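Residue-level listing of the chains:
Number of protein chains: 6
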Amino acid sequence: MKSMDVVTFGESMVLFTPARMLPLAYENQYYRQMAGAESNVAIGVSRLGHSVGWFSKLGRDPFGEFIYKSIQGEGIDVSRCTYSEEAPTGLFFKEKRSSGDVRIYYYRRHSAASMLQPEDLDEDYILRAKYLHITGITPALSKSCRETVYAAIEIAGSNGVTIVFDPNLRLKLWHEDEARRVLSDIAQKSHIILPGMDEGMFLTGEHTREAIATKLTKGGKTVIMKLGKEGAFYQNEDENGVVPGFLVQEVVDPVGAGDGFSAGILSGLLRDEPLPKVVRRANAIGALVVGVNGDSEGLPKIEEVEQFMSRSSSTQDVSR
Amino acid sequence: MKSMDVVTFGESMVLFTPARMLPLAYENQYYRQMAGAESNVAIGVSRLGHSVGWFSKLGRDPFGEFIYKSIQGEGIDVSRCTYSEEAPTGLFFKEKRSSGDVRIYYYRRHSAASMLQPEDLDEDYILRAKYLHITGITPALSKSCRETVYAAIEIAGSNGVTIVFDPNLRLKLWHEDEARRVLSDIAQKSHIILPGMDEGMFLTGEHTREAIATKLTKGGKTVIMKLGKEGAFYQNEDENGVVPGFLVQEVVDPVGAGDGFSAGILSGLLRDEPLPKVVRRANAIGALVVGVNGDSEGLPKIEEVEQFMSRSSSTQDVSR
Amino acid sequence: MKSMDVVTFGESMVLFTPARMLPLAYENQYYRQMAGAESNVAIGVSRLGHSVGWFSKLGRDPFGEFIYKSIQGEGIDVSRCTYSEEAPTGLFFKEKRSSGDVRIYYYRRHSAASMLQPEDLDEDYILRAKYLHITGITPALSKSCRETVYAAIEIAGSNGVTIVFDPNLRLKLWHEDEARRVLSDIAQKSHIILPGMDEGMFLTGEHTREAIATKLTKGGKTVIMKLGKEGAFYQNEDENGVVPGFLVQEVVDPVGAGDGFSAGILSGLLRDEPLPKVVRRANAIGALVVGVNGDSEGLPKIEEVEQFMSRSSSTQDVSR
Amino acid sequence: MKSMDVVTFGESMVLFTPARMLPLAYENQYYRQMAGAESNVAIGVSRLGHSVGWFSKLGRDPFGEFIYKSIQGEGIDVSRCTYSEEAPTGLFFKEKRSSGDVRIYYYRRHSAASMLQPEDLDEDYILRAKYLHITGITPALSKSCRETVYAAIEIAGSNGVTIVFDPNLRLKLWHEDEARRVLSDIAQKSHIILPGMDEGMFLTGEHTREAIATKLTKGGKTVIMKLGKEGAFYQNEDENGVVPGFLVQEVVDPVGAGDGFSAGILSGLLRDEPLPKVVRRANAIGALVVGVNGDSEGLPKIEEVEQFMSRSSSTQDVSR
Amino acid sequence: MKSMDVVTFGESMVLFTPARMLPLAYENQYYRQMAGAESNVAIGVSRLGHSVGWFSKLGRDPFGEFIYKSIQGEGIDVSRCTYSEEAPTGLFFKEKRSSGDVRIYYYRRHSAASMLQPEDLDEDYILRAKYLHITGITPALSKSCRETVYAAIEIAGSNGVTIVFDPNLRLKLWHEDEARRVLSDIAQKSHIILPGMDEGMFLTGEHTREAIATKLTKGGKTVIMKLGKEGAFYQNEDENGVVPGFLVQEVVDPVGAGDGFSAGILSGLLRDEPLPKVVRRANAIGALVVGVNGDSEGLPKIEEVEQFMSRSSSTQDVSR
Amino acid sequence: MKSMDVVTFGESMVLFTPARMLPLAYENQYYRQMAGAESNVAIGVSRLGHSVGWFSKLGRDPFGEFIYKSIQGEGIDVSRCTYSEEAPTGLFFKEKRSSGDVRIYYYRRHSAASMLQPEDLDEDYILRAKYLHITGITPALSKSCRETVYAAIEIAGSNGVTIVFDPNLRLKLWHEDEARRVLSDIAQKSHIILPGMDEGMFLTGEHTREAIATKLTKGGKTVIMKLGKEGAFYQNEDENGVVPGFLVQEVVDPVGAGDGFSAGILSGLLRDEPLPKVVRRANAIGALVVGVNGDSEGLPKIEEVEQFMSRSSSTQDVSR
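Sequence lines, in order, name chains A, B, C, D, E and F. Those letters in the first sequence? Residues 1 to 320, per UniProt numbering, in order. Those letters in the second sequence? Residues 1 to 320, per UniProt numbering, in order. Those letters in the third sequence? Residues 1 to 320, per UniProt numbering, in order. Those letters in the fourth sequence? Residues 1 to 320, per UniProt numbering, in order. Those letters in the fifth sequence? Residues 1 to 320, per UniProt numbering, in order. Those letters in the sixth sequence? Residues 1 to 320, per UniProt numbering, in order.
Simulated from the structure, these hints should not be mistaken for lab results. Misleading hints may appear alongside valid ones.
Residues on chain B that point at chain C, a partial pick, calculated with CB under 10 Å [claimed, not checked]: (1) S70; (2) I71; (3) G73; (4) V78; (5) K221.
Just so you know, these numbers come straight off a predicted model, no measurement behind them. Beta carbons are placed, not taken as given, at the ideal position from N, Cα and C, and that holds for glycine.
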């Protein structure tokens, strides 16, 4: 059986945006797009030249079909998607009142993806991967989703698949205490952790990069922490440091930058590069993503990243 | 306290239709409308010049706000709407592949309206009504919805409010056996029943108008049965007969004709007209509604119905 | 008969905006909205929790129907609207060439609303109101409109209804001299006057807040003058002062802020609050309105205003 | 000075159509087009290879600019357009409820074109024309418009310019009696009259082709009467006959066929062809126009007409 | 190396359609879709459950990217696509004046796909296929395209890959004589030929099914000839017969039916079914495709075909 | 024969822009506009009150028709346009990822306009012009286009028509060396040269205004060099100087400013004004054009320029 560079899983949803910048109560025309943190990462990794598998549980409806085709269209293996005969594909609406006042309305609870359960996992599929990518969104969706995450970690962890974990804290989806407990636990079982500074504080209770990293890296882990415009901080048993970010001319759409960053980290690790170089490319991808509308539309191909890095001086970090 | 001609309640949803006649998996632009059998009836009754109250349980979201304003905008009392803090306003997507191949995708299960419960009823409000209008959709939505229907019937029935019941059979929402049991039971507790021919057969097991009507009218009820193009058949203890329908030039959109028919019946009853005249106006409204796109957009004002009836010879019924 | 908190009247029109920011001569796609200073105020007052009646003279056409439903949809009493059998509902087009170059093209002269006449007034209706709200737009529309304004003032003034007057100077609609004469006269007959600084200068010929206010408040009136970012100045026989405005992060659309301010004043007066508190809330509403596209779409509910005020420090006024 | 084949004048308006087939009260998106009987004829004549001049009085607004450019873009001389500094360019909305239920809402009264007056006529310009084309719409617009029509007829008639008159009866615009009186009078002063069968009956009170024609041709005139699918009937002192119409596969949009017919007649007369041939081409153009959406979009070039006629057998007339 | 069921190649283009049914000269809004006979077949075969490879030469532009992703999204192997650094992805515009008057405007000459050349072929890839599918469009595109078709036939023919050929005659793209010569020659080198009746006549000069088939099947070939509503006729050395088509309720869009038919034939052959059964399913797919808008959007999954066939009586053929 | 103020020629194309600011690979809705440097200049000159002729070679397709009508609609003589029976009207797509990242995708190579050849020139037509305007785009399109430019220069130069040349360097269309050679040669044959500072450096190898101008003005020419915000520098045998630009409040769309500048120069020369005044008006037009979306939509009428100049103090140049 063919090996695969990265396997990831989690809910991708259909996103509806109003045609105009108006309160949704007054708007009657909408555009459809696709959104999902894990599929963003999968798309990013695929564009950087690696083989990726992504799966979720989809509804048997046209929106499930749309998501399936959109992700497969990016060259990602979607063969392990399962289907719910009962629940529909999740969706959400984005209301933009002003550039700083964006509101989200979910039709996600009881979605097909929230029905994901350990039985949906193909053990052999995970074992074929070099990296298993997991986010903190999935365990927040439902009890069976959480069990699925743990089951995947169990499979990967006990068989030499490296687990990369992005906490992606969403306090709208679960209670703070439960979130802290579960995410800390998953971090503990992962090999590489990719928190933002805020998430690092949330998980550890510490307030400095070094203190956060020291707690999270316990047990031989690697932590790479996003610092916004400043860049990113990395630390493991052997080394630590800050890699400054790239200057961004115009932030068109900040969404998806963190996912692009994760894709960049995975790509660098797959290339066996030294950590500072890995992080620098991840910073570059974050900077590129914010210059384009859409969650995944701006994820660059490997040539575009290299070109951008050779052109830019990395004095400022934008990867968020 | 002011009396009210009609009170009705039930779920109104947001309806999204694709900009083009394409399978939804391939369409990325959508228009928003409003849909709901009970609010259609309420709008119809209001345009015919009567006072109406409608309520549902809405989500605290822009779509709940949209529905509330749309129905209030028709001059309907919406003051008894309640809100769910948890569940969103229901919505659905309509896929039109050809004029005969229309498919519906619901985001309705677990909606705010499905949380409707007997506690949401304002007993005094119902008692102020001359007619309580109920459909067979509401009891199919959830257990608490069914209990709410029964509670409303209880309030109305024991206090002299006339109960008008449209079975509106939706086999997608519940099992056939349960549907038959519950709808028959509600029919039994109602005063006026407005089934289609198919629904009449479903409820009684009989196959002729007279046989169906004889079963349904037991206990002094009135049955008015829609016969499609042929018109409608009415029967009670005192009289029965067929009122032929009106000729329709072009069926633009058949949805909503049954609701228009119900509105016409209620209006005629409120005017204390003889049954054949009541049914004739209901037929006319059904014929008018199918000539306009949208579920409620084509519901006529009283002047328009009268004008249409005086212009038309009623040789063919279109009320469906 | 039920009393009402506020009654207002005046022309609401249909507004068409181009789909793109292009000179209209080159644009072939348009969106429809609703616009009108008095209905904005009515919507604002209704959202703040009070009972309001609004009326105008509408055309017997789909745009009159659209306006009627839109305003009724906000919970406003529209029962006193009258109809012109001859003249159409007014409309206008907005051309936005750049953020600072916006041009308006009216189809308003000879509109139904310009046919409004004293006979359209329901005296009892006005007498049921605590406040009568009037703008300086209506007397500019036609001779019969002006007479209607005077007739309404006469009814209200001689029966203890407090008259609140917003000059809303529109020099495109009438000659400067006539405008000054009529608006001064109406101000003279009003109890509370809500001019902008420019309008205050126009009406009095004075150039300082105090001088303007001193002239306008003669005879026991209250003046509340909008000062743009600085906030607002209030003065009556007993007190005067400046209430600073709220800091606005991003001005999305300045239109409607003045109407929101008026709604805030009316709401505060209805709550019997001290003037500085009344003005502070009005400032807050103005600040909220400019953060949302549309004339009335951004008018807040009372909870939203209170929340905003408790969150914000009022160091800068934006109510214009 | 250069001579011109045809001169015509009359109001062209901006037409707004809803994006969907919905009652306008419920539609918020509109497309803009141009419409006008006289400009349709001018466009038709221009495409058939002749020189044409058209004029109207336009508003000083973007819609006047749009109309001016659209007509000039067809190669028509628009140099004699005048402008109103007060009144706007006329516009109207088309509501299509079903294919047989189309409703029109005008913003035309008091439009710039209705201000057209004899002083706007350039006598030399009219005298340069071989044919002056006039419709019965213009005299219905206002008193000054009617005077302008009479003044133009006076100029043309007394100087050897042939007057072609299309009654274009619009009973929405004026009273039946006045319409009959004025149109009969204009017909009397014209040389060639192009009524429909209904208009012929309206003007003469007669009920057969021959009787109508005999009355209208008095004084040496030519009458060419449109008979719908059957074709057209022509009569003058020397000859008369019916020219059958062309078979139409699919009537996409009937509007504009009569104007195309008029353009065809003018073109044939300019080519000095025998009447039956003139009428046959006019029939062909009518048949082509109804196969295309839009009032003037389907008007053919001369090559297209010739091709169509050589391909078709003229067994049925569609020019309406 | 993995074997593949079907390999096909040829130009897929971007298709732009106007938002309204208007002559393109007057339309300013367009929608984008994808179109291509060979990719239609590939999509059809993939939905029926087989493995397919498709390739073309694409431009290095967003439209090439769009086509690549769209086809990959259907689960088709696109790994053998090559790119032109010079020429753009082909595109075309569709003008629909009426249902019977559709006009096409190509931007296809000198497109990237027309640069396809024998060097772009991966010999091993073709040899892995069970069936090579070829259309008569590709050899019409350019000299190098024709050479590529011949080279692919050479590879497949001499190595046991079955060649299925759909003539797809396009007289707009090349001269009749050359088309007849080349297509006859390719038919001669193919194993299974899928002409329409017209194409059969064009290629053989014969006028009856049997005579056409007898000429085309020379040398042990199989011919399956589409007969429109009547169904299809098949013939080889061992058997022949007509398989009647399925009744179609409403032809929404006839384009793509022939490609669906080809996909059905390939699927049946891959399932080793007897010819009449193979043809019957192909007929069914053709009937399903015409009921949906778009070239490939209506191609059914295998379950949908089986369901449709078990529901329908095949009395009438619509596969075209 | 009538004389004409300016004659110009060159390719105008159809421009498609996406409905949203998205990478084109993800956008399926497009708007159509018109674009072309020479037609922009023609439109600009026409709006300033002069007679202009423009021509190109168009495709026999609806886009050619659209361009023809659009330019004729501006009052420009288009009678010398020729048609290609083979090649289509050129078009291009504009992708805007962010305000600073705009990408262009051409369908222009092998377009109808690229087939323009010396035989398409009407010698008498050029000789009737006072000014022949030429850009450096046309010679870059094809060999025959270059020959056409030279032939036009030959006609004009040897007969007293003043040649105005805007280098409009487009390095995407040809090689740098060839561009420098040909453009320098054309500049040498022209009378008035309108380069930007960059183009001046490219053509002369010099780096200061004076040095560039000294080289370019050799042989009695006039050079007017655009300096961006600073304004423009002019020089001829008699005089030289800088005319400062106008302050621009908001740059909405910078495209077309250079063409507006050229139109302004031509208009000033036609008015026989002194050079500083000529340049000042050209600066003003550039400043007006950048404040409006579209290439030609913002070109002002003469009254608008005069008004703008009298209102503005020219302290800063924006003409680019």
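Comparing the hints with the structure gives:
1. S70: Status holds, d = 6 Å.
2. I71: Given a least distance of 8 Å, the restraint on I71(B) holds.
3. G73: Since the shortest Cβ distance to chain C is 3 Å, the answer is holds.
4. V78: It holds, given that the least Cβ distance between V78(B) and chain C is near 9 Å, below 10 Å.
5. K221: 36 Å, violated
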